[in-house]
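Colleague: Here's the letter readout for the chains.
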Amino acid sequence: MRHLESRQALQDEDAVLFRPILRTGGQFYLVAAGLLAVALWGFYAFSQQLRYGLGVTGLNRPVYWGFYITNFVFFIGISHAGTLISAILRLCRAEWRRPITRMAETITVLVLFFGLGSIIMDLGRPDRALFVIPFLQYGRVQSPLVWDVMSISMYLTASTIYLYMPLIPDIALLRDRVTGWRRGFYRALSLGWTGSPRQHRHLEIAIAIMAVLVIPIAVSVHTVVSWVFAMTIQPMWHSTIFGPYFVAGAIFSGIAALIITMALIRKVYHLEDYLKPLHFNYLGILLLVMTMLWFYFTFAEYITTYYGSAPDEMAVFWEKLTGRYATFFWAMVLFDFVIPFTILAYNRTRRTISGTVVASLSVVIGMWLERFTIVVPTLVNPRLPWSRGVYFPTWVEISVTVGAFATFTLLYMLFTKFFPIVSIWEVREGRERGLREVEERIREYLPGPARPEKARVSPEPPLVR
Amino acid sequence: MELSRRGFMKLTVLSGAGAAAGYGGVALGNLTEAASQDDRVPGGVERWVTTGCDLCSGGCGARVRLIDTRAVLLEGNPLHPVTRGGLCPVGQASLQLLYNPDRVKGPMKRVGARGAGQWEPLTWEEALRTLADRLRGLREQGEAHTLVALTGRARGIVPDLLRRFARAFGTPNVTDASGDDPSSQALWLTQGIGAPIAYDLENAKYIVSFGVPLVDGWWAPVRQMRALVQVRQGTPGRRGKLVQVEPRLSPSAAKADEWIPMNPGTEGALALGLAHVLVAEGLFDRRFVAERTFGFEDWVDESGRTNTGFRSLLIKEYLPSKVAKVTGVPEETIRRLARELAASGPGVALGPAGGQSNDRETAWAIHALNALMGAIERPGGALVARTAPLAQWPEVRPDETARRSLAMPKLPGARGDEPLAGNSFALLADALRSGAAYRAKALLLWGANPAFTEPGPGRVRQALSEIPFVVSVSSFLDESTQYADLVLPGHMFLEAWHDDPPPAGVPYPVVGVAQPAVEPPYQTRHAGAVILSLAQALGGRVAEAFPWKEFKDVLMASMEGLYRSRRGMIFAKQEESGPPRPLREWEWAPLPYKSFKEFWEDLVNKGGWIDPSYRYGEWTRVFQTPSGKFEFYSRTLRRAVEARARAQGKTPEESLAALGLAASKDQAFLPHYEPPRLAGDEGSYPLTLVTFQLLTLGDGSLADLPFLQERLAPHANVQWGTWVEINPKTAGTLGVHDGDWVWVESSVGKVKVRARLYPGIAPGVAAIPMGQGHTALGRYARGVGANPMELLGAERDPLSGTPALATRVKVSKA
Amino acid sequence: MAEAKGTPRWGMAIDLDRCTGCQACVVACKQENNVPFSSPEEAAYGREMAWIRVMAITEGEYPKVKTRYLPMLCQQCDNPPSVKVCPTGATYKNPEGIVGQIYPRCIGCRYCANACPYQVKDFNWYNWSGFRWPQEMRQSLNPDVSLRPRGVIEKCTFCHHRLQKARDQAAIEGRKVKSEGEYVPACVQSCPAQAMFFGDLNDPETTIAKLARSSRAFKMLDELGTEPKVIYLKEGEWSATPRE
Amino acid sequence: MLRGVVIGVVAVIVVVGGVLFAQRLEPAVRQPIQFNHAKHIAQGLECAACHQYVKEQTFAGLPTVETCMMCHSAPQTKSPEEEKVRQFAEKGQGIPWQRLYRMPGHVFFSHRRHVSVAKVECQTCHGAMAQATTPPSRPLVNQSMSWCLACHEKRQASVDCVACHK
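For the protein sequence lines, the chains are S, Z, W and X, in the order given.
Once you know that position 411 of the first sequence is 411 in the numbering used here, the rest is easy, because the numbers rise by one and skip nothing.
Once you know that position 408 of the second sequence is 408 in the numbering used here, the rest is easy, because the numbers rise by one and skip nothing.
Once you know that position 224 of the third sequence is 224 in the numbering used here, the rest is easy, because the numbers rise by one and skip nothing.
Once you know that position 105 of the fourth sequence is 105 in the numbering used here, the rest is easy, because the numbers rise by one and skip nothing.
Heads up, some of the hints might be wrong.
What the hints assert, rightly or not - Derived EDC-like pairs: lysine to aspartate or glutamate, alpha-carbon spacing no greater than 20 Å straight-line:
#, chain 1, residue 1, chain 2, residue 2
1, W, LYS165, Z, GLU332
2, S, LYS276, S, GLU440
3, X, LYS55, Z, ASP257
4, W, LYS66, Z, ASP738
5, Z, LYS729, W, GLU235
6, W, LYS176, X, GLU56
7, W, LYS64, Z, GLU258
8, Z, LYS813, Z, GLU745
9, W, LYS155, X, GLU56
10, Z, LYS441, Z, ASP133
11, Z, LYS241, W, GLU205
12, W, LYS64, Z, GLU332
13, W, LYS66, Z, ASP257
14, Z, LYS322, Z, GLU281
15, W, LYS176, W, GLU136
16, X, LYS55, Z, ASP68
17, W, LYS64, Z, GLU281
18, W, LYS165, Z, ASP68
19, W, LYS165, X, GLU82
20, W, LYS84, X, ASP160
21, X, LYS55, W, GLU237
22, Z, LYS597, Z, GLU654
23, X, LYS119, W, ASP168
24, Z, LYS241, W, GLU223
25, Z, LYS205, W, ASP168
26, W, LYS234, Z, ASP257
Calculated directly from the structure, the hints in this document are not laboratory data.
Just chain S, same shape as in the assembly (with noise of 0.2 Å):
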């Protein structure tokens, strides 16, 4: 691989990026080793919830919905990192996105798989899953069940597409890089990229019509997860506030989420100089923004239903906030506010990126308990008080949720080794273009006279070839 760098010693300022694709470590396979058999694991508790049905699990009457469920929401609650963030970012021309774009994106689309993966895994009959599918097979467009397979289906396909069109001139650059098999496979996906203006500026419109449509999809997304529980007339669930809610939620955890796989890759594929303590500091004051959203939210919600003070409605209120699951709601407010507010607050804890990390991983585990809170204590109580739930996970709902875990870290880290995590040509066209247009873009909000809008700049001409 050594020929390969010196031919290309051009580039050698981004060697670094592909070279977990070129090279992969000793350690590395003993992680995915690792991962793979907690995947398995989780693959063996499936099958045996297949072989024996639903009665493996610790759902019962009236608590039917249990951890799937609650991983369902917290997946799809990820998803946000990804796309969403990234087109955000991108359509706000944030030129700190470039580093990161690619990884958010591919945490949205592998993760959206355990999303709709935590709904088939939930149902009583996984064999007849696609009965849901409208007009084709018998799903009935009026359940906000039918509303998730179709929005998330969606955002899936949309945030493939988002994901896979700036990795072409990634696959491109591969492409040349790499022989054998590896060749032809690049060959296949960089779907003939030459580099050319005409590619580059169809490519630019389409990222960005993309950007644009993901954005109304990932909301939707999320309000309609929501839905499927504020669309019912249970208590603390048949909430107005939960579409807002929940995308605010979700957008939260996703940053979290993307802040720790930033650190992570950061550490593992020696990126220092890509991912700097700004990015992570940037990215903390949005998740600054979030957790007191979040409050604000949850405090909006729980203020409302204390004072309507329905009978119903207390019930579940005091079993969150002083019943049984009292320990899991005030671990969630502890580890989605008190945490990550007191953290990100100061200037000192925040510009450090282990203090970020530390406010995001409590983020990732307070929103899971957050969705936990929101799914049980409902069912527990029902409407009418003569059947009191309890519900405990069995080893098989555990097992399943930390091998979901296991196999999308698995999933993240085989597509580290076959993709540029770092989204190259853009951090290229970052240091190329990006540093001209900002100029020019400041230069514009400065006082002067007004100026004919100048014709878009065309781009560099590739650097590749």
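Using the hints, position chains Z, W and X against chain S.
Modeller: For chains Z, W and X alone, kept in the frame of chain S given last:
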């Protein structure tokens, strides 16, 4: 640890493929499994057959839905005049008894040690031969009396046949596990009739129930539920009232308009307190008391001695303030209740349900209260049931051997003619162990399971293991059958003919006849037919006493009496017969049948016969006392005690004192309060335990029905288990929380049950339902819950020896 | 009773003054509809199944305690929350207002069970029909109702198969099903205290229509606007109910 | 490379699909007696004469050996098939007729409802069974749900799901 990339890829792909293949295989298996369970229930020709339910004393008519030969649903018989299509949950679930996988499928003999559960099948011929040989041996040695026969739940002709067999065979030792109802003691003491009191519930306006589980399993539950509806909603503009006096908020108390909690076992005191108020305030029925009763005022007997009358006793001893202290019921409640009773026209007092050592005195006091209210022989009051005119069987003529054995004294606990005698296998078991007059050499268990249902089952098990030869006629290998040498499985109901004698408490005669609806699938025989075959095998006078070939012949012979009586009518639709209430005072036109055969066919197809008439004021029929009146002062008892004293060579006073009764002299012959005897001292065992039956489990013989195990009692919300109800306050002092496992311990034994904190029970009282804790029976009952009988048996009624179903206990966290 | 006019709207009335909480309706329903029984372990887990249950609520402190019994079955809502959320149409309201559950269509997401405020939908956690019915007991299964496979929701259908049977008989006799008495679900049929009434709510002459107008009548969780077709009658007072 | 993958995928799809399809196909039914429907109908027998529950029950019923023996206790033809009937009767066995039309476990079909109430002709659902001289080995009419529904819609019968699925 350096793994090549190629190697890793291979590993990944291989394990991925492996996982996928395994997963796919499992998924496919899952699908095919899901598909294969799509199998449907086979259809068939639908038929409905009229039959009856014999699982309790309610005698409900039933009809069964058959698909080809399978019974798929049991419903109430809409023609049945008492239940009118109603059937309780037990009846509804009974197909699980019929199709229970743990039924005994043929005769078996024991091969292992007793209780080891090792059996060997044998043919009926062999089994009957073994049994007959053994019994013949007893007779040949002049020991026919050492045969003890115990009947269980069976009602009607089969137990009659068994008693007839005992007489022909020559044993005085026949008893039945159900025991005697306390109310029959009260009726005997006051009216000289040893039968349960019949209450005209349907027409009552105000019912005070002293702990009677009216709607959860007493006597005829369906009839009582319907009567309650009649009381409350049957008369336009008026809602009758039900007051339940009981230490625990039972389902019946929950359905009552008022629940008055009180100390366990003090019902009698409360009844007398009410009587005191009626008398003191002049609210009693003066005319009835003056004309139809004896012993109200002080009276002078033949010897010139002045005897205390009921009035003096009440006024002196049962002041509401005093009663309030004993019962825990506030004085003002007692006064209010008495005034309400007097003001509301026919009021009636029921009870008790039984279970305390002082049941007889309690029932007596309650019945005396009825007399004071004039609620005797009056619509809505306490009546004496008319009997059904079944044909009498020819008199048994015991042979010499039998006559000699019959003259032997009967063992304590065996049913006797005088109601004072106890009727309990637990008592009998004690007698067997103490080696009374003689030892039992053989035991016939006819559908009875004393090793489970009797208080102190440990002693019963011990007694069973000491009897040399035990035969059990049983459909299940229950606890007692484990001790049997021979198991003879009887037909299940729906497979066999059976008759339903009038349900306890119904004033007019109702006779149900149930035909077999399904073919018996196993090597079982009709329990009645077993007696016939046994008698045939023994031959001689024993065989002569049974001139019938099969059970249906016996049944028809009995039912012919109904036809010959020319009374009553066969069950019919309500429009045709009219409601059986209010009781009619006229008789029916002769039955319109040309022959008995015609009558019989209609009888079987409609399910039974009824004579819904009742004549009030047949005083000579209802008062069979020395005075021909209702006796507050029981000369019937006095005679019995005097006879007993004579036999023992003591004075009556000495005889009474020897029994340890609290009451003395005249009081003993007047309705009075006797404090309940509770085993154990208050210091070590601070709580009073009461036991109760659940509608769903009965005495426990129905514990093998999974449908019922799932829904034992809605208020407790316990499934497949036993619980102890304790007041949250009591639980607080014990540190026990709802759902905790606790030990309940008496001086006799201890059981582990779940605690249910229930505000509907008095502090200081604990309550455990009966029927669980089986160590045998079937797969759905074995090992589920605990049997409270293990805590009982230490204390008993001093007069009859019947064990009390209450005791002192302590509760501690397990 | 007259024949039904137009499309009948089958409804039920439960007189709580009569109901004694005996649970005969529960057992009758399980027997009629092949509802499996649970094992002790699953029952403890809250997985026993029943299409109708008797709910008991104990309130107050000793000695002022009251226990109320309330038979709870599918309320056959005119505006059923469960139907709205079903993703496949397995739960739907049929033209006569009976809320059906089509087992081969159900994917087992249990959304309807969570949306139903009455908690009357049961889920088949296990393959009950395969191994939970011993061979002997399978004999008492009703051929008119399916054995539900594992993984689907099941619920009360007002014994719809009985309606069809009654309707067949009526059609052969050239008439419509009577609005009362001819078609009766198993629970109503079995009630020992005759606390349950059944009939066509659209026919003002039926007992149930009269009861629905009684001063004692109320509907469960009426404030939710689900418009149940099961009507309860309050305990504790006399009212002019039509003769049985 | 790519071609190989495509071929592989197609092969897998074909094999799995084929296996699944084969599982779905009903196996051919072979009756114990080569019963001639046409001949019996020609003798003036009605369907209900042998399928005796067709008007009263949900199921039509396959003829019992007793039903056959009402006419065939003495030989009427020289057919060896007829002889088989008597052999079954002598052995005291029922005739092990094989069911030709099978409903899935969740479909509730009532012959009574269709025959007695709706007066549907037998051949509507069973095809030209009356003309069959040998027992068909596969259903003459492919009864699918859409086929049921088409007829129900045409005749304005109930298309309510719960009418057939319960």
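Colleague: Take the hints in turn and mark each one as holding or not.
Modeller: Verification of the hints:
1. W:LYS165 with Z:GLU332: Violated: LYS165 of chain W and GLU332 of chain Z sit about 59 Å apart, past 20 Å.
2. S:LYS276 with S:GLU440: violated (25 Å)
3. X:LYS55 with Z:ASP257: violated (54 Å)
4. W:LYS66 with Z:ASP738: holds (19 Å)
5. Z:LYS729 with W:GLU235: Judged against 20 Å, a Cα distance of about 29 Å means the pair is violated.
6. W:LYS176 with X:GLU56: holds (19 Å)
7. W:LYS64 with Z:GLU258: holds (10 Å)
8. Z:LYS813 with Z:GLU745: Given pair LYS813 of chain Z, GLU745 of chain Z holds - Cα atoms ~11 Å apart, limit 20 Å.
9. W:LYS155 with X:GLU56: Violated. LYS155 of chain W to GLU56 of chain X sits at ~29 Å, over the 20 Å cutoff.
10. Z:LYS441 with Z:ASP133: Answer holds: LYS441 of chain Z to ASP133 of chain Z is near 14 Å, not above 20 Å.
11. Z:LYS241 with W:GLU205: At roughly 30 Å apart (the allowed maximum being 20 Å), GLU205 of chain W and LYS241 of chain Z break the hint.
12. W:LYS64 with Z:GLU332: Since the Cα atoms of LYS64 of chain W and GLU332 of chain Z sit roughly 16 Å apart, the hinted pair holds (cutoff 20 Å).
13. W:LYS66 with Z:ASP257: Within the cut-off at roughly 10 Å; holds.
14. Z:LYS322 with Z:GLU281: Distance of about 17 Å is within 20 Å: holds.
15. W:LYS176 with W:GLU136: violated (39 Å)
16. X:LYS55 with Z:ASP68: Cα-Cα ~17 Å, so holds.
17. W:LYS64 with Z:GLU281: violated (29 Å)
18. W:LYS165 with Z:ASP68: Roughly 18 Å between the alpha carbons, so the hint for LYS165 of chain W and ASP68 of chain Z holds.
19. W:LYS165 with X:GLU82: Given pair LYS165 of chain W, GLU82 of chain X is violated - Cα atoms ~39 Å apart, limit 20 Å.
20. W:LYS84 with X:ASP160: Holds: LYS84 of chain W and ASP160 of chain X sit about 18 Å apart, inside 20 Å.
21. X:LYS55 with W:GLU237: Distance of about 50 Å is beyond 20 Å: violated.
22. Z:LYS597 with Z:GLU654: violated (59 Å)
23. X:LYS119 with W:ASP168: The given pair, whose Cα atoms are some 12 Å apart, holds under the 20 Å limit.
24. Z:LYS241 with W:GLU223: violated (33 Å)
25. Z:LYS205 with W:ASP168: Violated, at about 45 Å.
26. W:LYS234 with Z:ASP257: Holds. LYS234 of chain W to ASP257 of chain Z sits at ~13 Å (cutoff 20 Å).
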